[in-house]
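Enquirer: Between the sequences and the hints, there should be enough to build the whole structure, so can you do that?
Each chain is listed here by its residues.
2 protein chains.
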Amino acid sequence: MQKKIDGVRIIGVDADDTLWVNETYYREAEDAFAELLTPYETQNQIGQELFKLEMKNLPIYGYGVKGFVLSMVEMALVLSNNNVSNASIAKILQLGKDILNKPVELLDGVETVLETLAKNYKLILVTKGDLLDQESKLERSNLAHYFHHVEILSDKKTANYSSLLQRLDIQAQEFLMIGNSLKSDILPLVALNAHAIHVPFHTTWLHEQVSDEDCKDYDYSTVNSLVEVLKFLG
Amino acid sequence: MQKKIDGVRIIGVDADDTLWVNETYYREAEDAFAELLTPYETQNQIGQELFKLEMKNLPIYGYGVKGFVLSMVEMALVLSNNNVSNASIAKILQLGKDILNKPVELLDGVETVLETLAKNYKLILVTKGDLLDQESKLERSNLAHYFHHVEILSDKKTANYSSLLQRLDIQAQEFLMIGNSLKSDILPLVALNAHAIHVPFHTTWLHEQVSDEDCKDYDYSTVNSLVEVLKFLG
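Here the protein sequences line up with chains B and E, keeping their order. For the first sequence, numbering that gives the first Met the number 0 assigns the number 0 to the initial residue and increments by one for each residue that follows. For the second sequence, numbering that gives the first Met the number 0 assigns the number 0 to the initial residue and increments by one for each residue that follows.
It should be emphasised that the hints constitute simulated quantities derived from the structure, not laboratory data. Just to be clear, a hint being listed does not mean it is correct.
The list cannot tell twin chains apart, which means a pair is met if one copy fits it or any two copies do.
[To be verified] Simulated pairs of lysine-lysine, PhoX-like, Cα-Cα distance not exceeding 25 Å:
| # | residue 1 | residue 2 |
| --- | --- | --- |
| 1 | Lys96 | Lys55 |
| 2 | Lys101 | Lys55 |
| 3 | Lys55 | Lys90 |
| 4 | Lys51 | Lys118 |
| 5 | Lys51 | Lys96 |
| 6 | Lys156 | Lys55 |
| 7 | Lys51 | Lys215 |
| 8 | Lys90 | Lys51 |
| 9 | Lys215 | Lys230 |
| 10 | Lys101 | Lys3 |
Expert: Rendered as C-alpha cells:
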C-alpha cells in the first residue's frame, strides 16, 4: 500500500519528457550533427565538445531549440577549422526546424492521469525552453484545458520555483511537482519543502543528470510511469 | 491642458524601445550582415529578402535575437548560393552575441517616470522576445523593482492581451498600456477598450509598422517622450 501525500492542493507538471517526447529528438539531431562532422572528429569527441559549447553559451542563449542550433552551427565552424560546407550548415539549420515541427507525441497514460488529477487539484504546467516552442507544443498536445496556469521559466532552479510559488500565492507544503528531471523538477522543490514525484524518462540530457550522492538527503518518490503517480494521491 | 485619463489602476509598460534601446542594435546588425553579403546582392535586396525570411520563420522561431540570427545564417547560405565563407557565418553568430551582450541603455526619463507612476499605480512590464534575454535585460536595467509583475509574451496580439488581463483579473477600462509600437502596444489594447499611450521610437521594425489608415478608428494618444505620459495621469 502506497503512502499517500497529504495536503496537496496544487500540482505542477513538467512538460518535456514528462508529458511528451523531447530529449529523443535532441539526441537524434546530435547524432545527425556528428555524422555531418565525421570528417573532422570522432562522434564521441563531437558530442563532448558540443555539450561544452552549449554550457558556455547557456548564459546568453538559455534553454531550447534555437540556442541548441546556434551552438551546433558555431561548433561546426570550430571543429572543421572553418572548412565545413555550406550544405552542412544548411542541414544543421534544418535539424532545428525538424525538432520545432515534430508532432507532439504524448507519453503513456498522460491523458488519463491529467484528467483524473484535474478533478481534484489545480494543475499548473511548469516548463522551460523557448517560449513560442513550448506554447506551440502545449497547444498541439490538446492538453491545455487541463491546466489552470502555464508557466514557462527561463530556468528551473530553487529561486525560480520560490518566486513562482510566491507569485501564485501557493504554500510549498500544498504544492506537488511531477517531472522527469531530478535536477530541474525534483530537488529544487524538495529544497523548498514542497512535494515531488520523479517519473524518469529513458533518456536524460547530460546537463540534467545528478549523482545518487547529490540526491541522498532529499525526500521524494520515484515511480516507473506517470500513472503510478495516482497511487500517491487521495 | 492635457485631458486626463481616468479610472486607470494598472499600467502596462513595453520594454524594447520604450524603456531601453533595442531596434537600433538590430539595424546595426542588419547593416553589418548586408556588408558581409555585398559580393552577392545589393544592400537593399539583402534587407528585403532577410525580412521576408524572418516573416517565413516567425511561426516557428518567434520573436527575439536567436531567431533573427538563425534567419541571417539561412539567408547568407541562400543569397550566396552556398558560397558564403565560414568566416562570414562566424561573424553572423557574433552579431547575435553582440546584441545579447549589449549593455542596457535606458531611454530619456525612464527612471523618473517609473518612479512617479509606481507611487500611484501597479506597474506591469509587458514585452515579447526571447525569455532569457528579456529577463536578463530587465535585471541589468535595475528597473525590476518598479514592476509588480513581469509578463514576457510570445506575441502581443489582442488575444494575448485579453488572456493576460483575464489571468491577472484586470478590467480593460482600468488598464493603460504605454509603448512604442502601434501594432503591438497600442491598437490591440484600444480594441479591448483599454487605454493606450503611444511613445514613438525613432526607428521601427518594418514588421511593427502600420499605416495611418489602420489607426484611424482607434482612440489613443501619442506623446513625444515618455515623461509626457505623466500629464495624462492624475
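Enquirer: Each hint should be assessed against the structure and marked as holding or not.
Expert: Evaluation of the provided hints:
In this homomeric assembly, lysine 96 and lysine 55 come within 25 Å of each other (Cα to Cα) both inside a single copy, at 23 Å, and across copies, at 12 Å. Taking the shortest alpha-carbon separations for lysine 101 and lysine 55, only the inter-copy value of 18 Å comes in at or below 25 Å, while the best intra-copy value is 27 Å. In this homomeric assembly, lysine 55 and lysine 90 come within 25 Å of each other (Cα to Cα) both inside a single copy, at 23 Å, and across copies, at 18 Å. Within a single copy, lysine 51 and lysine 118 get their C-alpha atoms no closer than 44 Å, and across copies no closer than 46 Å, so neither meets the 25 Å cut-off.
Taking CA atoms no more than 25 Å apart as the test, lysine 51 paired with lysine 96 passes in both settings, with 23 Å inside one copy and 17 Å between copies. In this assembly of identical chains, the alpha carbons of lysine 156 and lysine 55 lie at most 25 Å apart only when taken from the same copy (18 Å versus 35 Å across copies). Proximity of lysine 51 to lysine 215 under the C-alpha cut-off of 25 Å is found in neither arrangement, the shortest distances being 27 Å within a copy and 53 Å between copies. In this assembly of identical chains, the alpha carbons of lysine 90 and lysine 51 lie at most 25 Å apart whether taken from the same copy (21 Å) or from different copies (21 Å).
For a Cα distance limit of 25 Å, the shortest separation of lysine 215 from lysine 230 inside one copy, 23 Å, qualifies, whereas the shortest one across copies, 60 Å, does not. Proximity of lysine 101 to lysine 3 under the C-alpha cut-off of 25 Å is found in neither arrangement, the shortest distances being 37 Å within a copy and 51 Å between copies.
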